[in-house]
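Asker: Sequence:
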Amino acid sequence: MQSPGWHDLIGSIRDAALDGRSWHAVARHVAAEFRSPAIALYGQSLDTVSFKETAVLGIGDRFIESYKSHYSRLDNPWVQAGRFWKPGVVRTEPALQRLTGDRHVLRRSGYFQDWIVPQGYRHSMGMVVDRDAGGYIKLTMYRDGASGAYRHAELTRFQSLCDQFRLLLDIAGHYRLARTLAHLSLRALDHLDFGVMMLDAGGTVLEMNRFARDLADGRSGLRVHEGRLQALDGRADARIRSLLTGRGQSSAATVTLAPPAVPAPVALALTSMAASDGGRLLFLTCPERAFDERLRLLVDRFAFTPVELQLARGLLQGFDLRGAGAAAGLSYETSRWYLKQLFAKTDTHRQADLVRLLLATKSEIHLPPAP
0 MQSPGWHDLI
10 GSIRDAALDG
20 RSWHAVARHV
30 AAEFRSPAIA
40 LYGQSLDTVS
50 FKETAVLGIG
60 DRFIESYKSH
70 YSRLDNPWVQ
80 AGRFWKPGVV
90 RTEPALQRLT
100 GDRHVLRRSG
110 YFQDWIVPQG
120 YRHSMGMVVD
130 RDAGGYIKLT
140 MYRDGASGAY
150 RHAELTRFQS
160 LCDQFRLLLD
170 IAGHYRLART
180 LAHLSLRALD
190 HLDFGVMMLD
200 AGGTVLEMNR
210 FARDLADGRS
220 GLRVHEGRLQ
230 ALDGRADARI
240 RSLLTGRGQS
250 SAATVTLAPP
260 AVPAPVALAL
270 TSMAASDGGR
280 LLFLTCPERA
290 FDERLRLLVD
300 RFAFTPVELQ
310 LARGLLQGFD
320 LRGAGAAAGL
330 SYETSRWYLK
340 QLFAKTDTHR
350 QADLVRLLLA
360 TKSEIHLPPA
370 P
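Under numbering that gives the first Met the number 0, read the sequence shown as residues 0 to 370, first letter to last.
Bear in mind the hints are in silico, worked out from the structure with no lab data behind them.
Worth double-checking, as some hints may not be accurate.
Said to hold, decoys possible - Cross-link-like lysine-lysine pairs, in silico, DSS-like; alpha carbons within 30 Å at most: (1) K85 <-> K339; (2) K51 <-> K67; (3) K344 <-> K85; (4) K67 <-> K85; (5) K51 <-> K85.
Sequences are here, hints too, so could you generate the full structure?
Answerer: Right, dumping it as structure tokens:
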């Protein structure tokens, strides 16, 4: 059973993601739960050059200002360790040592000696929480030598925290679209890479977009039966019923379903519509299904062939060209030829620009033409 502090932490992330503020409360909860006096939640551009501070705790202004120059040093092993730039991969010094085979690779770097040590810290744990066309969202924590390195149980809890963080960020992005949904036709909603269900005051499903229909086909552990959204797993279904029957909710109420109750994580957020008839909107987020929907959008927009789509899939999953080609069953030379085809169809000239464009495509909403 999770501690009250853990539930407060998740609640603080939900509130901050929805209102766009209160991120310092998140930092304070993270510091308490992980016994880490220094917390940094920030954004970083895809080229790793630009930084945007969101919430920082326990790091002085002088060190915040000097972070960029210290982090970007050529001897900083984190910059070159591509594995840790993928969302969901926990960064710790032991993990870096296992990757490089060098026990001292971090501690002899200028980043560690000139930036971390002068603050009195010795151990850190972090992760790229999410990545999109705008860059990376990163969460890192630090503590001193007396507190010791982060234990396996803490790594597991941090992994769980960041997984829920990522889902809540997705929910928040969808929730901010709620005010515009009334102006979109169902055809436009079908282009979204998340589910939208329109419910009456009693919780009956009135309409839903294509993503929601696909998600409720039973294969994801959800279905619509007699007009009601249900989960095939009993405990998960009870959580959905509790969400839909909640009263007096002033902002989006959320529920996250996780394996083994469902095959892949699904997050649900419920919010009232502006109309006075008690209607509500239910948003459903499933990153695995969203990825498939994004690929479908790429075919619709760029007319990718099946082989081109498989190569694009690998690039979106973070593989380099050789790895993406191998996953698609292509030799390196053939992959280079197909990459040129992708450039031609997307009017791009560099692989980084191509990936940035493909990532941005997931957020596009195609409005129907004006009558």
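Asker: Run every hint past the structure and note whether it holds.
Answerer: Hints, verified against the model:
1. Proximity of K85 to K339 is assessed by CA-CA distance (about 25 Å); at most 30 Å being required, the pair is judged to hold.
2. With a CA separation close to 11 Å, the supplied pair K51 and K67 stays within the 30 Å bound.
3. About 26 Å separates the Cα atoms of K344 and K85, which keeps this hinted pair within 30 Å; it holds.
4. Of the supplied pair hints, the one linking K67 and K85 holds, its CA atoms being roughly 20 Å apart against a limit of 30 Å.
5. Proposed proximity of K51 and K85 is supported: the alpha carbons are some 19 Å apart, at most 30 Å.
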